[in-house]
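Now for the letters of each chain:
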Amino acid sequence: MIKFILQRLGYGFLVILGVVMVVFLLFFTVPGDPVSMMVDQQADKTIRDAIRKDLGLDQPLHTQLYMYMRDLSPVSVHPDTPKEKEKYGFARLIPLGESVFVLKYPYLGRSFQTNQKVSDIVSQRVSLTIILALAAMFFATVVGITLGIFAALKQNTFWDGFISVVSVFGISTPSFVAASIISLIFGYMIGPYIGLNGIGTLWEIDPISGNKILHLKNLILPALTLGIRPLAIIVQLTRSSMLEVLSQDYIRTARAKGLSNYKVIVKHALKNALNPVVSTISNWLASLLAGAFFIETIFDYKGLGFETIQALDRRDLPIIMGATLVVASVFVIINLIADLLYAVIDPRIRLN
Amino acid sequence: MNEDILLEVKNLTVEFTANKKITQAVKNISFTIKKGESIGIVGESGSGKSVTSLAIMRLIQHPAGKITSGEIWFNSPTLGAVNLLELTTKQMQNDIRGNEIAMIFQEPMTSLNPVYTCGNQVMEAILLHQNVSKAEARKRAIETFDKVHLPFPEIILNKYPHELSGGQKQRVMIAMALACNPVLLIADEPTTALDVTVQAAILEILEELREKYGVSFMFITHDLGVVAEVSDRVMVMYKGNIVEKNDVWDIFNSPQQPYTKGLLACRPRLDFKMKVLPTVSDFMKTDDEGNMIEIKRYLSVGEALMLNLETDDEIEDRKKELTMKKPVLVVEGLCKWFPIKKPFFSRKPQEYIKAVDDVSFNVYPGETLGLVGESGCGKTTLGRLILRLLEPTSGNIFYEGEDILQMKNKDMQLLRKEMQIIFQDPYSSLNPRLTIGNAIMEPMELFGIGRNKQERKDMIINLLEKVSLGSEHFNRYPHEFSGGQRQRICIARALSVNPKFIICDESVSALDVSVQAQVLNLLNDLKEEFHFTNIFISHDLSVIKFLADRMIVMNKGKIEEFGFSEDIYASPSSEYTKNLIKAIPKGELDDIHRNQLRRKEAAAMRKAVF
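Going down the list, the sequences are from chains A and S.
So for the first sequence, the working numbering puts the first residue at 1; every next one is plus one.
So for the second sequence, the working numbering puts the first residue at 1; every next one is plus one.
Incorrect hints may appear among the rest.
Pairs of lysine-lysine residues, derived as DSS-like cross-links and limited to a Cα-Cα distance of at most 27 Å, are as follows [said to hold, decoys possible]:
| hint | chain 1 | residue 1 | chain 2 | residue 2 |
| --- | --- | --- | --- | --- |
| 1 | S | Lys139 | A | Lys263 |
| 2 | A | Lys3 | S | Lys10 |
| 3 | S | Lys500 | A | Lys3 |
| 4 | S | Lys10 | S | Lys35 |
| 5 | S | Lys600 | S | Lys582 |
Selected chain S positions facing chain A (in silico; Cβ < 10 Å) [what the hints assert, rightly or not]:
| hint | residue |
| --- | --- |
| 6 | Met57 |
| 7 | Phe105 |
| 8 | Ala125 |
| 9 | His129 |
| 10 | Glu163 |
| 11 | Leu164 |
| 12 | Gly166 |
| 13 | Cys180 |
| 14 | Val183 |
If you are wondering where the hints come from, they were derived from the structure by calculation, not from laboratory data.
Source: prediction; values computed, not measured.
For every residue, glycine included, the Cβ atom is placed at its ideal position computed from N, Cα and C.
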């Protein structure tokens, strides 16, 4: 089991490394000079060169790659100066003469526009997106599995057909279309009656006191919208997987033992049927983090997606790069957890 | 209800609806099982024997299947005499299923839930029906594991099904059924998926349960040999009807109905060599309405066997003639070792599974060489090595003097035309989207046989007629055929390229006995006509005995014994072969008589104890 975990961790590390390289190349292929995005057109050459030097843009490509990697690595060697200490906020581990071996959070750079640390911006925003994605996935999983089982048990009846048809709609509607329609209907047209807003984020600043106020109801519409597609897919998958399991010999054995219908379904069928569903849930949860961009923009929900879209508008590359890295890491971690869950559910996987 | 009677089925009819067509799977049948009795139900697939057992448990799948009429009276220890069909679902679940009537199924591989330990699944039944604590249930589970002779019950308790062998799994299944001391045990083909030696062990356990604990049995099987071994009375079912029911001795000694006679006669036998197997169609046919009409080709089963016997002189001549020619295939020191995956940093030397280990033999032209052994002995791997579908680890294979392992791809392609293989499962070896005409035409086009499409079509129709099909079948799809017909189509496909050499890998194992007899006869006839050489791989010694001139017994990748089949059966030299032959239920009258006597004694012993 430990070997299994280490192996998956290794794979995950390689994936992240690959993403880091791609993101680094992105920096050089995006059109436009980063320096001119930071200062206005009139700035003279000396200022430009100073900035260029500060960002290390005057160095050859491989040195820049090395510096970028060094910024990201949690353990690295830096010159032992107060300036470096302030820039990276590291903890000194082993002094090596002029340099020092340090432990630090990965350094993602600073925003071109606001000069805020990217890690601060991203960590503020990402929690909102994770809450949104988890809420959406929770809704999709609970409702999806329930409806899937229901459809399987009522196979070939009206309800089975109805659920299938509706879920096809759910799968085929693009998220921005669903988001616009839902925002329009539930947010504006009947919003005042049910008390929901068409736009809004989780934390809002009270205009008078300046305190942050939690608006949980602002989570409802974006989460429902985001959950529609995974919900539809989970319904279909649970249904087909459940039907397959119910035709297995061991279900007949369980019935012959005298177990009640409820126990046969919940204990013997469901645990076997859930395996493909777990993998879908984890894949979707990961892509929801990435797929929340449209929905956050339309609902004005200030998560990571919202921030990234704005950064794209402003060509604020460090934020885009940081956001991409964070999303990739979350992706890898969730898949790792899903793999472990698999092994818990199905003892046959543990063997290999 | 009479006190002696445990179960009485009266006028039971079960119907299935598929595509708005209603078929009667069981037609108005009646029978009784006495207390302490074992009743065997014999029949081919689709005869309604499994449906009957599921009807008793009320486990027929809704809404496709429905019990439309009848009564099933059961003398329940707790509820008294009740009609099972009138009980509530709750009563069925709490008192009957798994408690007073338990069931064992055919496939131990798939009948246990893969995600729970064996112990969990057995204890579940105990906890459900008996008011005991978890610790007590655990103790009882271990006791039942002990009863079915599972080694190290405490360890097996915590094992998952995939960690056990097939025989062990079936013992867990039996333990699960026994857990609550049922009065009736329904066993639906409990040994069909197992090797003969494992089958013998399982049958022994079941016999012991009967004799020691007086459990009544309803034993469903297609194998007459097994029935002879386990039952007191036998019911023969055919297309939803009980065609004959009688004492086991009478069924085997003097069968009355033509179908029963046919079934008894068509079994390949171990005791003598047959030229042609009699088939059910020698004894009966069915008219358009499905009624049986007796054909009096043979007066009795005995006569049917005697008339088709191969005499000792004929056998001697055949042996002599065979070895005069030069061998067509010579295999020398053939090995196929599969490396076992080992931990990356392990210092242990690489270990191998020796699927085929230093095997040498030759095959004469026109001979049928039988390759027999239990599952995992390497017989299928050997077959694939000869065709070079797998690359051997070492060794040589000479076909007509040429080393096929040295051949280039192009020559190998041409050789494929001469060597064909027929697989086990006729259901999955035909592409469901190709008409059978096109399926047979495909290899012909590949090897350029026939000048044009029309000529090929004529040749195919000719072939189809050879395998008892017709031109009207040319444009049909595989799903329109029965298992036996499909296997004949596969044979026709193999023959379409005029091969000199055919390997049959368990080609009759998936078929019913009566169909198996037809296919075996067909293979023999075709061999006469097309003069091909045949390697026939099977786990069934009696099939090999009927078909093969010489045979190889394989065990753990090695050749255990090699020689003329008559000699090996008459005087097996290795211990392994002896055990194998001993383990086959033969269905001989002497054995039946001996079993009956022993059971009488055991019953008397039980009475004396109480």
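inquiry  = Just to be careful: measuring from the Cβ of Val183/S to every Cβ in chain A, is the smallest value less than 10 Å?
reply    = Since chain A brings no Cβ nearer than about 14 Å to Val183/S, farther than 10 Å, the hint is violated.
task = Starting from Lys3/A, check that the Cα of Lys10/S is at most 27 Å away, please.
result = violated, 61 Å
ask   = Regarding the pair Lys139/S and Lys263/A, is the alpha-carbon distance no greater than 27 Å?
value = Roughly 23 Å separates the two Cα atoms, so the pair holds.
query = Under the criterion of a CB-CB separation shorter than 10 Å, is Met57/S in contact with chain A as hinted?
reply = At 6 Å from the nearest chain A Cβ, Met57/S passes the 10 Å test, so the hint holds.
Hint status (Cβ of Gly166/S to nearest Cβ of chain A, threshold 10 Å) = violated, 14 Å
key: Pair hint outcome, Lys600/S versus Lys582/S [Cα-Cα no greater than 27 Å]   = Status holds; Cα separation ~24 Å.
Proposed proximity, Lys3/A with Lys500/S (alpha carbon, max 27 Å) = The hint is violated at about 52 Å.
key: 27 Å Cα cutoff - pair Lys10/S, Lys35/S   = holds, 17 Å
ask   = Hey, does the Glu163/S contact hint survive, CB to chain A under 10 Å?
value = holds, 8 Å
key: Interface hint status, Cys180/S versus chain A (Cβ within 10 Å)   = holds, 9 Å
ask   = With 10 Å as the cut and Cβ atoms as the points, is His129/S at the interface with chain A?
value = Because about 6 Å separates His129/S from the closest Cβ in chain A, which is inside the 10 Å limit, the hint holds.
Proposed interface contact between Phe105/S and chain A, which counts if any beta carbon pair is under 10 Å = Because about 6 Å separates Phe105/S from the closest Cβ in chain A, which is inside the 10 Å limit, the hint holds.
The structure shown violates the earlier hints numbered 2, 3, 11, 12 and 14.
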